[in-house]
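In case it helps, the working numbering puts the sequence shown at residues 15 to 182.
Derived by calculation from the structure, the hints in this document are not laboratory data. Note that CB positions come from ideal geometry on N, CA and C, so glycine has one too. Worth double-checking, as some hints may not be accurate.
Between beta-carbon pairs, the in silico distance windows are [to be verified]:
| hint | residue 1 | residue 2 | range |
| --- | --- | --- | --- |
| 1 | Gln-181 | Gly-143 | 26 to 36 Å |
| 2 | Phe-148 | Gly-24 | 20 to 30 Å |
| 3 | Met-173 | Val-32 | 28 to 38 Å |
| 4 | Ile-156 | Val-32 | 40 to 50 Å |
| 5 | Lys-16 | Ser-142 | 36 to 46 Å |
With a cut-off of at most 30 Å between alpha-carbon atoms, the simulated BS3-like pairs for lysine-lysine come out as follows [unchecked claim]:
| hint | residue 1 | residue 2 |
| --- | --- | --- |
| 6 | Lys-115 | Lys-19 |
| 7 | Lys-111 | Lys-19 |
| 8 | Lys-16 | Lys-152 |
| 9 | Lys-111 | Lys-178 |
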Amino acid sequence: MKSKKVATLGIMGALALVLGFMENMLVPDIPFLPVGAKPGLSNIVTMYAATAMGLPGAVYITFIKVIFALITRGVTASFMSLCGGLLSALAVSILIKYEGKIFSFLGIGITGALMHNMGQLFGASVISGTFTIFNYAKYLLIFSLITGAVTGSMLMLLMPRLNKLQQT
């Protein structure tokens, strides 16, 4: 059972990296994105990890994404990825326990996106030494609603297939 869990986390980590790499290629071509924002497609993997393996799985995927950010975009990007990723993974892991009862994957996706952006703003405020960076939150709030709805909806569509795979 342990080897299956390690293999599953490895595959999910690889998928998160591929989605993150694809995002980095797409972002310059999307004109309406706020500065520094990305669609967050790899967060689908983090949400699934939280569903399948709880907070430890979500944190593992977050660390894989942080290492990828460090290698491809540097220390600042990895620190901001860490701040946003951990806050998002924690929020998603808590809310996923109530999926189908109080929250849908749509609401969980939006909350995850919001928390990710708030964590990144916190990281930016630490780096810059000022809280005025939080003035950017109003733009990221709108963006979080859109991207979180997309990632949450995508996970909702994928869950039946992923549950089938998990049973085999």
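Taking the hints in turn, this is what the structure says about them:
Between Gln-181 and Gly-143 the beta carbon distance is about 51 Å. The supplied range of 26 to 36 Å is therefore violated. At about 37 Å, the CB distance of Phe-148 to Gly-24 disagrees with the hint of 20 to 30 Å. The hinted range of 28 to 38 Å is not satisfied by Met-173 and Val-32, whose Cβ atoms lie roughly 20 Å apart. Taking 40 to 50 Å as the suggested C-beta distance range, the pair Ile-156 and Val-32 does not conform, at roughly 27 Å.
In this structure the supplied range 36 to 46 Å holds for Lys-16 paired with Ser-142, their Cβ-Cβ distance being about 43 Å. Distance restraint check for Lys-115 and Lys-19: the Cα-Cα separation of roughly 27 Å lies within the 30 Å cut-off, and the hinted pair is therefore satisfied. At roughly 20 Å between alpha-carbon atoms, Lys-111 and Lys-19 fall within 30 Å of each other, so this suggested pair holds. For the proposed pair Lys-16 and Lys-152, the alpha carbon gap of about 43 Å is over 30 Å, so the pair is violated.
For the hint pairing Lys-111 with Lys-178, the CA-to-CA distance comes to about 20 Å; that is within 30 Å, so the pair holds.
Consistency note: the structure conflicts with the earlier hints numbered 1, 2, 3, 4, 8.
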